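Asks: The primary structure of each chain is shown beneath.
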Amino acid sequence: MLELMQQIVNGLSLGAIYALIALGYTMIYGIIKLINFAHGDVMMVGAYIGFFSVSLLGTNIMVAMIFAMIACALLGVIIEKVAYKPLRRATRIAALITAIGVSLFLEYTTIFLLTPQQRIFPQGAFPVHDYNFLGLSVSNKDIFIFISAIVLMIILQFIVKNTKTGKAMRAVSEDKDAAVLMGINVDNTISMTFALGSALAAAAGVMIGVYYNTINPLMGILPGLKAFVAAVLGGIGIIPGAMVGGFILGILETLVSGYGNSLYRDAVAFGVLILILLIKPTGIFGKNTGEKV
Amino acid sequence: MLKVNEIDVYYGAIHALKKLSFEVEQGSIVTLIGANGAGKTTTLKTISGLLRPRSGSIIYKGTDITRIAPAKIVEMGISQVPEGRRVFAAMTVLENLEMGAYLRKDKKEIARDLDEVFDRFPRLKERRKQLAGTLSGGEQQMLAIGRALMARPSLLLMDEPSMGLAPLLVKEIFEIIKDINSKGTTILLVEQNAHMALSIADKAYVIETGEIVLQGQAGELMKSEEVKKAYLGG
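Taken in order, these protein sequences are the chains called B and H. Going by the numbering used here, the first sequence opens with residue 285, and the numbers climb by one from there. Going by the numbering used here, the second sequence opens with residue 5, and the numbers climb by one from there.
Careful: at least some of the hints might be erroneous.
[What the hints assert, rightly or not] Ranges between beta-carbon positions, derived for each pair:
| hint | chain 1 | residue 1 | chain 2 | residue 2 | range |
| --- | --- | --- | --- | --- | --- |
| 1 | H | E179 | B | N446 | 30 to 38 Å |
| 2 | B | N446 | H | R56 | 50 to 58 Å |
| 3 | B | Q441 | H | G66 | 44 to 52 Å |
| 4 | H | K109 | B | S421 | 52 to 60 Å |
| 5 | B | L562 | H | P126 | 45 to 53 Å |
| 6 | H | E179 | B | L562 | 39 to 47 Å |
| 7 | H | A94 | B | L388 | 30 to 38 Å |
| 8 | B | Y415 | H | T138 | 41 to 49 Å |
| 9 | B | L506 | H | K22 | 52 to 60 Å |
Hint data in this document are derived by calculation from the structure and do not stem from the laboratory. Being a predicted model, the structure only gives us computed values, none of them experimental. We put the beta carbon where it would ideally sit given N, CA and C, even for glycine.
From just these sequences and the hints, can you work out the full model?
Replies: Shown next as structure tokens:
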């Protein structure tokens with residue numbers, strides 16, 4: 285029992301990271317119905333910015349995270365304007381292929397500029413301690429990841445629920461034409477969504493740097509895909525769904541590594557995707573809403 | 005107040021509106037009646053800026069709004085109650101109304117208009133925390149109207165407000181339209197329910213396959229043999 289608790293605690297920080305990435309996936313899907321396959325790579329760019337902020341500028345990890353979030357918010361807006369906006373009226377498959385193009389572009393531009401070599405987060409950036417309570421061992425890095433992720437989710441939830449921009453985002457997600465009739469600027473609202481989603485991905489990137497200690501230009505692929513699974517698991521387009529899906533997937537992965545064989549970790553994650561698509565394609569929180577006429 | 009001059013609107017290759025012209029006078033209720041697919045909704049969408057005419061112009065209060073952004077058009081005082089209500093189903097009643105006032109910054113006046121909408125539609129007040137998607141069809145129509153009023157429009161465009169509603173509710177909605185008009189808002193009403201529309205309108209235009217085929221005072225059109233045969237069922 286104690287060991288099970290321990291595994292779940294270990295899974296919480298990984299789950300929080302997946303949840304943060306999944307939030308961006310789901311928000312962007314909600315507003316333009318695009319699976320932004322470049323999202324994991326935005327996370328990677330965030331990890332690099334965090335890394336350079338710590339190693340070159342000597343900032344602490346919180347400041348590094350804020351830098352990464354700001355830079356990636358901008359990157360997200362630029363990606364949307366340059367790559368996706370011209371395709372707004374094109375078929376969805378065209379936009380999807382473009383997203384894969386953007387993903388490869390980010391990966392290989394980073395390799396070109398920074399070499400494919402992995403980099404190690406400087407030891408001083410985050411001295412690790414383990415704490416014990418009630419027989420459970422928790423490291424300060426897990427606590428840091430978990431708490432910052434929760435704080436970011438609360439901030440996001442506040443923005444989406446209570447601010448004018450957040451309400452505009454929900455209105456545009458639901459019905460673009462009706463939103464236009466309210467005087468909402470759809471382009472700005474979409475930009476704002478990319479900015480928010482990308483900033484969350486950047487925060488997750490820095491967290492992954494802290495979690496695994498190393499970063500490399502292709503580090504965004506697998507967590508990106510798993511966050512996608514998490515978003516689908518929770519119900520794509522649904523914000524609380526992304527959070528819950530992220531935590532479930534993170535904990536599941538840790539349990540598989542802890543009790544079974546860590547080699548099956550990825551297989552289980554993608555098995556979840558297959559199962560959810562077979563059993564309830566709308567995800568845990570999704571429902572088939574009929575329209576009233 | 006509003007002057008539509010010979011607009012041509014296309015959906016791809018389909019010529020939806022052909023040199024369509026009509027006028028809406030300040031303070032009046034003008035109705036555009038016609039069958040399904042005649043181009044009524046297209047006309048309203050073009051006025052709101054969702055569609056662009058290939059030629060022709062739309063003049064509102066002396067300003068050419070033909071190529072102005074939809075948000076600007078709302079700001080200038082034209083708001084729309086779209087066909088099928090199009091309320092934001094996953095948002096609360098209150099949030100829907102707030103969206104109607106999206107471009108306004110005068111918080112006090114917004115609060116006043118909100119009270120006014122709630123006075124007009126007490127059902128909405130009771131359900132203000134409820135998701136719009138859980139409302140009945142009639143309540144959703146009221147919400148759509150309330151939402152458009154929150155922009156404090158001078159000209160209200162209404163697209164088939166009676167669609168899908170029970171006869172009693174239709175009557176109620178038309179009473180509301182008359183009342184909104186009596187408080188100073190000009191109304192351009194698009195309807196398939198020609199009888200109801202003609203009974204409250206001052207002026208009417210009959211539209212067929214993108215062209216105005218008849219126009220006149222609503223009372224006269226009601227008596228016209230052509231209109232009776234085609235739209236009033238006898």
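Asks: Does each hint hold? Answer for all of them.
Replies: Hints, one by one, checked against the model:
1. At roughly 36 Å, the beta-carbon separation of E179/H and N446/B lies within the given 30 to 38 Å, and the hint holds.
2. Checked against the hint of 50 to 58 Å, the C-beta distance between N446/B and R56/H comes to roughly 35 Å, which is inconsistent with it.
3. The beta-carbon spacing between Q441/B and G66/H, approximately 46 Å, falls within the hinted interval of 44 to 52 Å.
4. Between K109/H and S421/B the Cβ separation comes to about 54 Å, which falls inside the hinted range of 52 to 60 Å.
5. Remark: the range hint 45 to 53 Å for L562/B to P126/H is upheld by a beta-carbon distance near 47 Å.
6. Taking the beta carbon of each, E179/H and L562/B are about 52 Å apart, not inside 39 to 47 Å as hinted.
7. A C-beta distance of roughly 35 Å is found between A94/H and L388/B, which places it inside the suggested range of 30 to 38 Å.
8. In this structure the supplied range 41 to 49 Å holds for Y415/B paired with T138/H, their Cβ-Cβ distance being about 47 Å.
9. Between L506/B and K22/H the Cβ separation comes to about 57 Å, which falls inside the hinted range of 52 to 60 Å.
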